[in-house]
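With the hints as constraints, model all of the structure from the sequences given.
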Amino acid sequence: MPLRLAIPAISTGFRARMVMQYACADFGKSLLWRTFNVLALVYLVKDLGLDPKVAGALLLISLIFDAITDPIAGAMIDQWLRRGYSLRLIYRVAPVCSGILLCLLFSLHLWPGPQVPVAIVLACLLLFRLAYTFADVPANMASANCELIGRGQTTLWATKRAFAQGASLLVAFGVAPLLNENRSNGDPALYLEVMVPLALLTVLAYLLSARALPHAEARTKPATKRTCGPQDMGLIPALRKPPANRQLVRLVVIVLAVCALGDMLAAGLLFLPWQEGSGQFEGRAPAALAVIAMAIGSCLSIPLGLASGLALGQKRSLQLACLTTACAAIAFTLIPSELLTARLAALALYGCGLAMSSLTYWSMAKAVLVQKSGDAKQDDVKASSIALLSVAVKVGSGLSSALVGWILTVTSQVHPESAIGPVPLTLETALVIGVVVGTSLSLIASRQL
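Going by the working numbering, the letters in the sequence shown line up with residues 422 to 870, in that order.
Simulated from the structure, these hints should not be mistaken for lab results.
There may be inaccurate statements among the hints.
Lysine-lysine pairs mimicking BS3-like chemistry, simulated, CA-CA at most 27 Å apart [unchecked claim]:
#1 Lys467 with Lys815
#2 Lys815 with Lys736
#3 Lys474 with Lys815
If you anchor each label on the Cβ, the simulated ranges turn out as follows [to be verified]:
#4 Leu613 with Gly734: 45 to 55 Å
#5 Ala732 with Ile493: 47 to 57 Å
#6 Arg667 with Pro535: 50 to 60 Å
#7 Val514 with Pro724: 34 to 44 Å
#8 Pro618 with Gly470: 20 to 30 Å
#9 Ala540 with Glu614: 20 to 30 Å
#10 Phe594 with Gly470: 53 to 63 Å
#11 Pro538 with Tyr506: 31 to 41 Å
#12 Ala732 with Ala540: 44 to 54 Å
#13 Arg632 with Gln536: 27 to 37 Å
#14 Pro618 with Pro538: 22 to 32 Å
#15 Leu510 with Leu621: 16 to 26 Å
#16 Ala732 with Pro618: 19 to 29 Å
In this text the structure is predicted, and so the values were computed from the model without any measurement.
For every residue, glycine included, the Cβ atom is placed at its ideal position computed from N, Cα and C.
Structure (structure tokens):
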């Protein structure tokens with residue numbers, strides 16, 4: 422599908438290389454986002470020895486902080502551009518700071534003392550999320566303000582999504598050595614061996630992406646005429662007065678349900694007890710294979726999501742993705758732990774359903790947010806609403822980590838004396854229940870879209 426869309430776009434004069442370069446920034450920021458999402462909670466609990474509830478609360482605070490700083494960072498970048506600073510300069514500085522802080526965050530186990538103070542952990546989390554915001558906002562600005570229109574924009578965003586999923590797959594293979602149960606007591610060198618190359622790849626991706634920025638966009642002259650920037654994207658109006666739109670409210674509910682509840686199995690995956698593999702999987706860490714399986718499923722979501730959207734429409738495609746996610750999670754918990762291959766296949770299907778949900782609700786945003794007003798007003802409404810959806814994604818991800826941290830402390834798997842009810846509730850069962858509840862809420866809300 423993306424290739425078919427690319428052909429007429431190329432014929433109208435834009436270069437495929439430019440699209441690839443724009444998408445490189447998404448590859449870079451996805452390396453940071455996926456590494457943080459996959460490893461942060463398990464690192465805080467297993468390697469730093471924090472209480473699961475405390476670790477989940479810290480991640481929730483950091484992601485809410487990230488959501489709050491989005492419009493602030495957008496306004497600051499807008500002012501820098503008005504004063505004549507180069508967007509290419511931001512492309513070079515922000516990913517370097519993000520990469521350094523990522524390495525610092527995953528080096529806290531080197532702290533000289535019995536345990537890292539919670540205040541130090543929170544400070545590192547907040548600083549990393551702030552640096553990530555300054556890398557994320559300019560990449561979205563550049564893509565939104567580029568000269569491509571129509572099918573060219575469709576091709577650009579499909580390519581960006583493909584690059585982001587490719588980064589997720591690379592992260593899955595990169596973190597595999599850290600998930601090996603036989604590693605020597607959490608060897609500190611392993612974290613730096615993984616984080617440093619990922620940080621360097623992020624910087625390289627942004628440098629390649631900066632080459633695609635046109636000179637008029639890379640450097641704006643300080644003048645009275647308003648220039649393209651985050652305020653044009655509606656980030657500040659999103660805080661002042663979110664648009665009154667019932668469809669938007671339902672879409673936000675769907676995003677929160679998918680990110681906070683539907684993603685719980687992925688967030689708690691590395692805490693599950695895994696049966697050692699046999700045959701072709703013998704000697705490999707099952708937890709690492711599980712992360713890789715989910716990443717492969719996420720990559721498959723791009724062609725499947727585009728095909729289902731064309732064949733069924735966006736609404737039914739979203740409902741299909743939610744059903745796929747719930748059924749795959751239920752199948753995962755019903756399959757015996759000895760059948761590792763079948764469980765990995767269920768996880769791949771679960772990852773595909775999750776990624777399809779994300780792909781679909783973002784593609785629905787433009788259709789849902791149209792209101793009967795003038796073009797300028799309509800653009801502000803759309804931009805404000807998309808900013809609001811971005812906040813919902815980050816808050817939902819934080820809620821997911823907090824819920825998993827709470828579940829770790831109450832399930833019988835961690836504390837047998839804390840079993841809920843007469844039947845001991847295992848961690849796996851609790852996570853799957855959360856997935857089913859989240860997808861059910863999404864299905865109910867999607868009926869009125």
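* To do: Report the numbers of all earlier hints that the structure fails to satisfy, in ascending order.
  => 5, 10, 13, 16
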